[in-house]
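Novice: Sequence:
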Amino acid sequence: MDFELTPAQRALRARARELADGAFRERAARWDAEESYPWDNVKDLVRAGFMGITIPKAYGGPGGSVLDVLLVVEQVARVCGVTARIVVEGSLGVVGALTAYGTETQKRRYFPWVLEDGEKPAIAITEPEAGSAATDLVTRADEAPEGWTLGGEKRWITGAGTSRLYLVYCRMSARAGAEGIRGLLVERDTPGFAIGERDRTMGLRGIPEGRLHFEGCRVGREQLLVGPPDGFKKLMRAYNSQRLGAA
14 MDFELTPAQR ALRARARELA DGAFRERAAR WDAEESYPWD NVKDLVRAGF MGITIPKAYG
74 GPGGSVLDVL LVVEQVARVC GVTARIVVEG SLGVVGALTA YGTETQKRRY FPWVLEDGEK
134 PAIAITEPEA GSAATDLVTR ADEAPEGWTL GGEKRWITGA GTSRLYLVYC RMSARAGAEG
194 IRGLLVERDT PGFAIGERDR TMGLRGIPEG RLHFEGCRVG REQLLVGPPD GFKKLMRAYN
254 SQRLGAA
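Each residue of the sequence shown is one higher than the one before, counting from 14 in the working numbering.
If you're looking for bench data, these hints aren't it; they were derived computationally from the structure.
Incorrect hints may appear among the rest.
[Unchecked claim] Below, simulated BS3-like cross-link-like pairs (lysine-lysine); rule was C-alpha separation at most 27 Å, straight line:
(1) Lys-70 <-> Lys-120
(2) Lys-56 <-> Lys-246
(3) Lys-56 <-> Lys-120
(4) Lys-70 <-> Lys-56
(5) Lys-56 <-> Lys-247
(6) Lys-247 <-> Lys-70
[What the hints assert, rightly or not] Distance ranges between label pairs, derived from CB positions:
(7) Asp-202 <-> Leu-257: 28 to 34 Å
(8) Leu-18 <-> Ala-71: 32 to 38 Å
(9) Pro-125 <-> Ala-260: 24 to 30 Å
(10) Pro-158 <-> Lys-246: 25 to 31 Å
(11) Arg-188 <-> Leu-18: 42 to 48 Å
(12) Gly-160 <-> Ala-61: 48 to 54 Å
(13) Arg-23 <-> Glu-142: 45 to 51 Å
(14) Gly-233 <-> Ala-260: 23 to 29 Å
Backbone N, C-alpha and C define an ideal beta-carbon position, used for all residues, glycine too.
Please model the complete structure; the sequences and the hints are all you need to start from.
Specialist: This is the structure we're talking about:
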C-alpha cells in the first residue's frame with residue numbers, strides 16, 4: 014500500500030500552509046482576546062475552497078476525502094486553532110452525516126450554506142446530565158401533526174449562536190439507551206429554539222461553547238436526518254470522522 018501523498022494532496026497542503034501563514038497567523042491572538050468569531054478567516058476559507066471539502070461534486074463541492082480535510086486542518090491549526098476547528102466542522106461531522114443520510118432536499122438546501130456562506134453546522138449531543146454518556150440524553154422529540162415538538166437543553170455546544178444549523182440528538186421513543194435516539198436538523202431561527210448562556214473557556218475563545226434551549230420547538234418531518242433503524246450508530250459513525258479533525 015502506498016502511503017505517499019498524491020501531487021494534488023501536496024499542492025492542497027501547500028495552499029493551506031500559505032493561507033495560514035499569510036493571513037491567519039497575524040490574526041489568531043485577536044479572536045482569543047476579543048472572544049470574537051473569525052468571520053474574516055471564514056471568508057478566506059470559502060474563497061480557498063476549504064469549507065465543505067468533502068461535499069460531493071454533484072452538489073458543488075470539491076468531493077475531497079477525510080485525509081484532504083486533515084491536511085488542511087493540520088496546516089491551519091499550526092497558527093490558529095479556532096479557524097482549524099471551523100474547517101473540521103465545515104467538512105466533517107454534520108456535513109458527513111448529510112452526505113451519508115440526507116435527503117436530496119436537505120443536501121440542496123444546506124450544502125450551499127457551507128460552500129457559499131461559510132456556515133459551520135453544529136452537532137448538539139451533550140446535555141447537563143449526559144456528557145460522555147451520550148446514550149443517557151433526555152432531550153425529547155414528541156410526535157406533532159406536522160412533525161415533532163422538541164424539548165430539552167444542550168450544553169457545551171461548539172458554535173452555539175454562530176452556527177445557523179444544528180444536528181440535534183434527541184429521544185423519539187420511550188426506549189432506554191441508544192435505541193430511541195434520532196437526529197433532527199434544526200435551524201437557528203426555528204420558533205421555540207433559543208441560544209442560551211455562553212460557557213467560559215480557557216482557550217479557543219474565538220468560537221463559542223454554549224447552551225441551547227428547546228421549548229415547544231416545532232420541527233417539520235422533512236428535518237429528520239437519521240431515524241430508525243440503528244439511528245444512534247449512524248449518528249456516531251458520522252461523528253467519528255470529526256473526532257479525527259478535533260484531535
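Novice: It remains to establish, for every hint, whether it holds in the given structure.
Specialist: Status of each hint after checking the structure:
1. Lys-70 <-> Lys-120: Within the cut-off at roughly 12 Å; holds.
2. Lys-56 <-> Lys-246: Violated, because 34 Å separates the two Cα atoms, which is more than 27 Å.
3. Lys-56 <-> Lys-120: holds, 22 Å
4. Lys-70 <-> Lys-56: Holds - the C-alpha atoms of Lys-56 and Lys-70 are around 21 Å apart, at most 27 Å.
5. Lys-56 <-> Lys-247: violated, 31 Å
6. Lys-247 <-> Lys-70: The hint holds at about 23 Å.
7. Asp-202 <-> Leu-257: 28 to 34 Å: holds, 31 Å
8. Leu-18 <-> Ala-71: 32 to 38 Å: Taking Cβ atoms as reference, Leu-18 and Ala-71 lie about 25 Å apart, which means the hint is violated.
9. Pro-125 <-> Ala-260: 24 to 30 Å: At 29 Å between Cβs, range holds.
10. Pro-158 <-> Lys-246: 25 to 31 Å: Holds, since Pro-158 and Lys-246 (Cβ atoms, about 30 Å apart) stay within the stated range.
11. Arg-188 <-> Leu-18: 42 to 48 Å: holds, 45 Å
12. Gly-160 <-> Ala-61: 48 to 54 Å: violated, 37 Å
13. Arg-23 <-> Glu-142: 45 to 51 Å: holds, 47 Å
14. Gly-233 <-> Ala-260: 23 to 29 Å: violated, 35 Å
The structure fails hints 2, 5, 8, 12, 14 (numbered hints given earlier, in ascending order).
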